[in-house]
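Produce the complete structure using the sequences and hints provided.
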Amino acid sequence: MNFFTLHNITGDQPASSIPDDVVMPPRDMHLADPEFKKRGSIDLLLGQEVFYDVHKLDNENIQFREEGGLTFINTKFGWVVSGQVKLTAPNNIFLTNISTNMYCNALFGNTLEDMMERFRRIEEVQPASIFTPEEEECESNFKSNHYPPSSFLATRVLHQLADDEGEMFPLAQRALKADFYVDDYIGGAESDKEAVACCEELRKLLARGGFRLRKWVSNHPGVLHDVPSEDRTDPDSVNIEMADKWFEFLCQIPLIRNIQVPRYIFVSKVISKQLHCFSDAFKMGYGACVYVRTVDQGGRVRVELLAAKSRPSPLKRASIARLELCGALMAAKLWETINSALSFGSEDTIFWTDSTIVLHWVRAPSYHWATYVANRVSQIQEITKGRGWRHVKGVENPADIISRGVLPEELLKAEWWMHGPKWLLENVDQFSDEVGLPNVNPEILERKKVVLMTTIEEK
Numbered sequence: 001m002n003f004f005t006l007h008n009i010t011g012d013q014p015a016s017s018i019p020d021d022v023v024m025p026p027r028d029m030h031l032a033d034p035e036f037k038k039r040g041s042i043d044l045l046l047g048q049e050v051f052y053d054v055h056k057l058d059n060e061n062i063q064f065r066e067e068g069g070l071t072f073i074n075t076k077f078g079w080v081v082s083g084q085v086k087l088t089a090p091n092n093i094f095l096t097n098i099s100t101n102m103y104c105n106a107l108f109g110n111t112l113e114d115m116m117e118r119f120r121r122i123e124e125v126q127p128a129s130i131f132t133p134e135e136e137e138c139e140s141n142f143k144s145n146h147y148p149p150s151s152f153l154a155t156r157v158l159h160q161l162a163d164d165e166g167e168m169f170p171l172a173q174r175a176l177k178a179d180f181y182v183d184d185y186i187g188g189a190e191s192d193k194e195a196v197a198c199c200e201e202l203r204k205l206l207a208r209g210g211f212r213l214r215k216w217v218s219n220h221p222g223v224l225h226d227v228p229s230e231d232r233t234d235p236d237s238v239n240i241e242m243a244d245k246w247f248e249f250l251c252q253i254p255l256i257r258n259i260q261v262p263r264y265i266f267v268s269k270v271i272s273k274q275l276h277c278f279s280d281a282f283k284m285g286y287g288a289c290v291y292v293r294t295v296d297q298g299g300r301v302r303v304e305l306l307a308a309k310s311r312p313s314p315l316k317r318a319s320i321a322r323l324e325l326c327g328a329l330m331a332a333k334l335w336e337t338i339n340s341a342l343s344f345g346s347e348d349t350i351f352w353t354d355s356t357i358v359l360h361w362v363r364a365p366s367y368h369w370a371t372y373v374a375n376r377v378s379q380i381q382e383i384t385k386g387r388g389w390r391h392v393k394g395v396e397n398p399a400d401i402i403s404r405g406v407l408p409e410e411l412l413k414a415e416w417w418m419h420g421p422k423w424l425l426e427n428v429d430q431f432s433d434e435v436g437l438p439n440v441n442p443e444i445l446e447r448k449k450v451v452l453m454t455t456i457e458e459k
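When we follow this note's numbering, the leftmost residue of the sequence shown carries the number 1, and every step to the right adds one.
Read the hints as simulated data drawn from the structure, not as lab findings.
As the structure is a computational prediction, the values presented were derived from the model and not from experiment.
Treat the hints with care, since some could be wrong.
Claimed, not checked - Subject to a maximum C-alpha distance of 27 Å in a straight line, what follows is the list of computed BS3-like cross-link-like pairs (lysine-lysine):
no., residue 1, residue 2
1, 309, 333
2, 333, 385
3, 393, 309
4, 245, 283
Shown next as structure tokens:
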């Protein structure tokens, strides 16, 4: 027989030692393991392929004890004992058997690379974390000076205060853990009395941690009766200038019903149609509007507003030129949406902007510009696919209404918003002329910076 030599085969057997009076084999019986009743290590483990070769399985070599008890079987090594032993252990003694399973097998037909990979996987040792003095100093500096996000700290200190001082203020303790968003309390109560008690407890509990709640607001004035006036927020106190603008807008809202939008925007018997896309931007926002221009057989021209879209300027301050570029991109995307529904040809679309810088950008390859500009120019060029961009005067650009905003009364008077600039009703040939662009400061154009490095080698 062939054997594998291992450091350990399995855990000690049996699970616990067996008293002598529990198992008493005959005195004349030669046992394969005379010390089988004592817990010990396993010296040899035989497989199923030799099990029946070492056992003498006949009636003379098998002895049974009482039912459910032990069985003695004679083998080539001597008699072995198997079966169940009932042991009574004290209540404070727990018998456990923790064994380690080890699997051994031979490798057949594997390549040398496979065997080496398996060997490395089995013998892999996890590296120990051994730091150099510099690394230990870096770790110590990180632990000493690193701080979690302030939003987490704002909530964490409130929870700690609730744990440390909250036993005397049960309502406030629950509110600190459940009703705070960062450092703002948003809560309520089932009755006025409970709301007053919660408010009072919150003020006292937070005062113990050195916190002062301010800007109290409640839908019931009696709840804040004991809160100092300087800690309250008067919902009626609004900036006068802002209030005037709001009431002016509020009074003009009914005028919106007077705005009429025709359902049919074409002339009858159309022989020519065009889309004119305008874009504009200002510090408050940017937007785009699209007009459809149709001509009938008699030469009658009709121009109607087809679609418009706007967006507020980003919170991060950007130059007007960049906002104008964002407006141009919005015009391109808006046209793409319309064209998928109405299928206008490439020669039937003209884009307009009052920014000469944007015209410089979109008429040149995108790789000439800095990253911010290049990304948007490439999108515009991919969508418009070479369709012409023209310059329009700022006072004639209807998208100016989008970027600056107007009140309903002004919108009703702005005929050019619903029907576009008047020159759209004139001869179409003037729209195809390329307009020369004035020179622009290179710094404003945001050209991509090119760095040249040279090396000189002396021989």
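Results of checking the hints against the structure:
Restraint check for residue 309 and residue 333: satisfied, since their Cα atoms lie roughly 10 Å apart, inside the 27 Å limit. Of the pairs offered as hints, the one joining residue 333 and residue 385 holds, with about 12 Å between alpha carbons and a cut-off of 27 Å not exceeded. As the CA atoms of residue 393 and residue 309 are separated by approximately 20 Å, the hinted pair is consistent with the 27 Å bound. A threshold of 27 Å between alpha carbons decides the hint, and for residue 245 with residue 283 the separation of about 19 Å falls inside it, so the pair holds.
Taken one by one, the earlier hints all hold for this structure without exception.
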